[in-house]
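Throw the hints in and build the complete structure from the sequences for me.
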Amino acid sequence: MENPAYSKKHWVVLLSICLMVGSSIGLLVNGNGVFYTPMAQELNLLRGSVSAFASLTVNTFFKRFGWKRTILFGVICGLFGTFLMAFANSIILIYLFGIIRGIGTAYYSMVPMTMIVNQWFQEKNGLAIGFASGTSGIIGALAAPTLAAVFEASDWRFAFIVMSIFVVLFSLPALIISYEFNPRDEGLLPYGFKPEASQGKLVRRESPADLSAARIIFIALMVVGLLTTMVTFIHPHLPGYGESVGLDPETASFMLSAVMIGNLISKLSFGIISDKFGTIKAALGMISISTFSVFLLVFFHHPFALILGSLLFGPIFSVGGVALPLFSTEFFDPLTAVKVYSQINFIASVGGALSVSLVGYIYDFTGSFVPAFIIAIIFNAIN
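Under the working numbering, the first residue of the sequence shown carries the number 1, and numbering increases by one thereafter.
For the record, the hints were derived by calculation from the structure and aren't laboratory data.
Where hints are given, some of them may not hold.
For each label pair, taking beta carbons as the anchor points, the in silico distance ranges come out as [claimed, not checked]:
(1) TYR361 with SER288: 25 to 31 Å
(2) GLY192 with GLY278: 16 to 22 Å
(3) ILE92 with ALA5: 51 to 57 Å
(4) LYS281 with GLU243: 35 to 41 Å
(5) ILE219 with HIS301: 38 to 44 Å
(6) PHE292 with VAL12: 37 to 43 Å
List of simulated lysine-lysine pairs, BS3-like, C-alpha gap at most 27 Å [to be verified]:
(7) LYS281 with LYS124
(8) LYS68 with LYS124
(9) LYS124 with LYS8
(10) LYS194 with LYS8
(11) LYS276 with LYS8
This structure is a prediction, so every number in the text was calculated from the model and none was measured.
Glycine included, each C-beta is placed from N, C-alpha and C at the ideal position.
The structure is reproduced here in structure tokens:
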């Protein structure tokens with residue numbers, strides 16, 4: 001008889017969630033960078049103006065309508081927002097369709113992923129979150145050159161149509177595979193379930209001191225979430241930066257692929273490192289690597305150095321994508337952790353939306369991406 005805490009179903013669920021995050025983050029977020037320059041050139045827009053943003057909390061939606069309906073709503077918004085982007089011919093429509101895509105992304109990406117993985121995995125939770133989050137990196141790495149090739153063969157509008165098709169395909173397993181939000185509802189237990197491990201989070205509600213510590217940790221996580229995401233969302237502009245320092249467009253597009261590979265490797269590594277040495281040490285290591293990468297990008301313009309720098313920039317994704325969900329579950333009880341991470345994710349999404357546009361505007365008005373890189377170093381130091 002199959003052990004209810006170590007079943008194949010756990011890994012089937014994880015795989016479907018990986019593909020779901022690959023659709024939302026890998027395609028709708030990480031796949032956007034290759035569109036910015038051609039859209040800006042054809043529509044005569046500033047680079048900062050073609051950055052789509054929107055992110056909402058999903059916890060209430062989850063409770064009221066159920067998790068599969070929540071994911072379905074997100075996929076539908078992502079599908080139609082992406083498909084309609086192919087027909088945008090003004091900044092108003094770009095923002096409108098971008099908001100639709102952003103809402104969709106929020107409803108089937110990081111928060112739902114964290115909630116489901118935390119229900120299904122107790123042992124190897126860091127690895128599971130890292131693997132689920134890291135799938136966005138590999139799909140983003142494959143999407144960037146693929147979409148670039150599509151719009152070179154046709155145009156960026158047709159590339160959006162192709163993207164919309166893959167948005168649905170990668171989302172299907174999470175929607176059609178039969179599994180419950182809580183494994184106990186189908187006679188299973190969280191992977192590696194140990195009753196004693198479910199007790200005693202570091203922050204509880206037993207005394208004023210506990211509440212004070214909770215507030216401090218919450219504020220700290222909010223700051224780290226905001227600043228980390230602002231650094232992370234420099235990455236869509238790396239192909240533009242590569243072209244600005246002399247790379248041809250095809251080579252520059254590989255900078256985005258390199259970032260996504262670094263994204264994937266770091267998230268998988270983060271889960272393993274955090275399970276063994278702790279989340280704080282893992283986070284400090286990833287922040288240090290990404291800071292070093294910025295120096296490579298700024299001071300060395302050889303194609304190899306730029307692609308290597310892009311690869312090493314990727315670990316910053318693991319801080320927002322793996323560290324913050326893990327910090328939430330490590331420091332807070334399960335019910336509070338969901339609310340905490342939802343709020344952190346909302347603030348982080350605002351930071352990402354601001355960052356993508358601000359980096360574009362910095363280039364528009366200074367003619368250089370270097371000021372944005374300097375700001376990134378400062379933000380990493382604060383974190």
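Hints versus structure:
no.	hint	result
1	TYR361 with SER288: 25 to 31 Å	holds (28 Å)
2	GLY192 with GLY278: 16 to 22 Å	holds (18 Å)
3	ILE92 with ALA5: 51 to 57 Å	holds (52 Å)
4	LYS281 with GLU243: 35 to 41 Å	holds (37 Å)
5	ILE219 with HIS301: 38 to 44 Å	holds (39 Å)
6	PHE292 with VAL12: 37 to 43 Å	holds (38 Å)
7	LYS281 with LYS124	holds (17 Å)
8	LYS68 with LYS124	holds (24 Å)
9	LYS124 with LYS8	holds (15 Å)
10	LYS194 with LYS8	holds (18 Å)
11	LYS276 with LYS8	holds (24 Å)
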